[in-house]
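Keeping the supplied structure of chain D fixed, place chain V upon it in accordance with the hints.
Chains as they are written, first to last, in this note's numbering: chain D, 1 to 114; chain V, 1 to 113.
Rather than coming from a laboratory, the hints here were simulated on the basis of the structure. Here the structure is a predicted model, which means the values were calculated and not measured. Careful, some of the hints might be misleading.
[As the list claims (entries may be wrong)] Listed below are the simulated BS3-like cross-link pairs for lysine-lysine, each with C-alpha atoms no more than 30 Å apart in a straight line:
#, chain 1, residue 1, chain 2, residue 2
1, D, K16, V, K14
2, D, K101, V, K9
3, D, K101, V, K70
4, D, K101, V, K83
[Claimed, not checked] Which chain V residues stay away from chain D? Per the calculated CB distances, all over 12 Å, these:
#, residue
5, G2
6, Q6
7, R13
8, N18
9, V19
10, L43
11, S49
12, Q56
13, A81
14, E101
15, G105
16, T111
A virtual CB, placed ideally from N, CA and C, is assigned to each residue, including glycine.
One-letter residues, chain by chain:
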Amino acid sequence: AQKITQTQPGMFVQEKEAVTLDCTYDTSDQSYGLFWYKQPSSGEMIFLIYQGSYDEQNATEGRYSLNFQKARKSANLVISASQLGDSAMYFCAMSPFGNEKLTFGTGTRLTIIP
Amino acid sequence: DGGITQSPKYLFRKEGQNVTLSCEQNLNHDAMYWYRQDPGQGLRLIYYSQIVNDFQKGDIAEGYSVSREKKESFPLTVTSAQKNPTAFYLCASSAGGAYYEQYFGPGTRLTVT
Numbered sequence: 001a002q003k004i005t006q007t008q009p010g011m012f013v014q015e016k017e018a019v020t021l022d023c024t025y026d027t028s029d030q031s032y033g034l035f036w037y038k039q040p041s042s043g044e045m046i047f048l049i050y051q052g053s054y055d056e057q058n059a060t061e062g063r064y065s066l067n068f069q070k071a072r073k074s075a076n077l078v079i080s081a082s083q084l085g086d087s088a089m090y091f092c093a094m095s096p097f098g099n100e101k102l103t104f105g106t107g108t109r110l111t112i113i114p
Numbered sequence: 001d002g003g004i005t006q007s008p009k010y011l012f013r014k015e016g017q018n019v020t021l022s023c024e025q026n027l028n029h030d031a032m033y034w035y036r037q038d039p040g041q042g043l044r045l046i047y048y049s050q051i052v053n054d055f056q057k058g059d060i061a062e063g064y065s066v067s068r069e070k071k072e073s074f075p076l077t078v079t080s081a082q083k084n085p086t087a088f089y090l091c092a093s094s095a096g097g098a099y100y101e102q103y104f105g106p107g108t109r110l111t112v113t
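Just chain D, with the same shape it has in the complex (with noise of 0.2 Å):
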């Protein structure tokens, strides 16, 4: 089974800055992905960013990168230049290789603040 873990409920950030929102995992499969959604207040799920298990490379989506971290199950997504349309909840998520089942976490609700 696998389990996703948002360990940041909010965060408050100021316009511009940069912002790191934390994700970890558990599975016991070798080969995975790992993707990033936004989902701002009108409620619809918007596809951000997606990391396989073996690729070496970070991703990178313009302003979104994902800080992956293979041996400490990790996949921090990072946003640099933050804006104000950023305020949404965001939502880690992963599936297994073969397997089209995407388990998500519990989300973190980020607020810009101008």
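This is chain V only, laid out in the frame that chain D set:
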């Protein structure tokens, strides 16, 4: 525009009634999913389907049923057997395979009184 539609956005039902939530996608994705989200919680998988006419139970399938008669459609029925049906329901689709991201619809908020 390609995407996933869920209707309606808000749904109200009396206890003891079955209710069907709609999910349609025009992304030509093979796989579709239904999730439930409760306040302050992450998403939990109800059912998923990798191909037409086939679907599998997720982690919380009890009290729910689905069908996949067309590639574009994956309706979810919340039956009267579901003990706590009030929740936010999200439908998703993907190209298939564990390394493909899932695209989500706008969700349906179901309230049962």
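- Item | Status of the stated non-contact between V:R13 and chain D (beta carbon gap over 12 Å) | holds, 19 Å
- Item | Interface exclusion of V:Q56 relative to chain D, criterion Cβ beyond 12 Å | It is violated; V:Q56 is separated from chain D by about 9 Å at its closest Cβ, not greater than 12 Å.
- Decide, holds or violated, for the assertion that all CB atoms of chain D are farther than 12 Å from the CB of V:A81. Given that every Cβ of chain D is farther than 12 Å from that of V:A81, nearest at about 23 Å, it holds.
- Taking the shortest Cβ-to-Cβ distance between V:S49 and chain D, state whether it exceeds 12 Å. Non-interface label fails for V:S49: nearest chain D Cβ at 10 Å, not farther than 12 Å.
- Message: Checking one constraint from the list: CA of D:K101 to CA of V:K70, max 30 Å. Satisfied?
- Response: Within the cut-off at roughly 21 Å; holds.
- Verdict on V:G2 as a residue remote from chain D, using beta-carbon distances over 12 Å: About 14 Å separates V:G2 from the closest Cβ of chain D, which puts it past 12 Å; holds.
- Non-interface claim for V:V19: all C-beta distances to chain D beyond 12 Å? The claim holds: V:V19 sits with its nearest Cβ about 18 Å from chain D, beyond 12 Å.
- Query: Since V:T111 was said not to touch the interface, does its Cβ keep a gap of more than 12 Å from each Cβ of chain D?
  - Reply: holds, 14 Å
- Task: Given the hint that D:K101 pairs with V:K9, test it: the Cα-Cα distance must not exceed 30 Å.
- Result: Since the Cα atoms of D:K101 and V:K9 sit roughly 25 Å apart, the hinted pair holds (cutoff 30 Å).
- Item | Outside-interface status for V:N18 - nearest CB in chain D farther than 12 Å | For V:N18, whose nearest Cβ neighbour in chain D is about 23 Å away, the distance exceeds 12 Å, so it holds.
- Message: For a C-alpha distance cap of 30 Å, please report whether D:K16 and V:K14 respect it.
- Response: This hinted pair is violated, its Cα atoms lying about 47 Å apart.
- Item | Given hint V:K83 paired with D:K101 - CA-CA distance at most 30 Å | Measuring from Cα to Cα gives roughly 24 Å; hence the hint holds.
Hint compliance for this structure: hints 1, 6, 10, 11, 12, 14, 15 are broken, all remaining hints hold.
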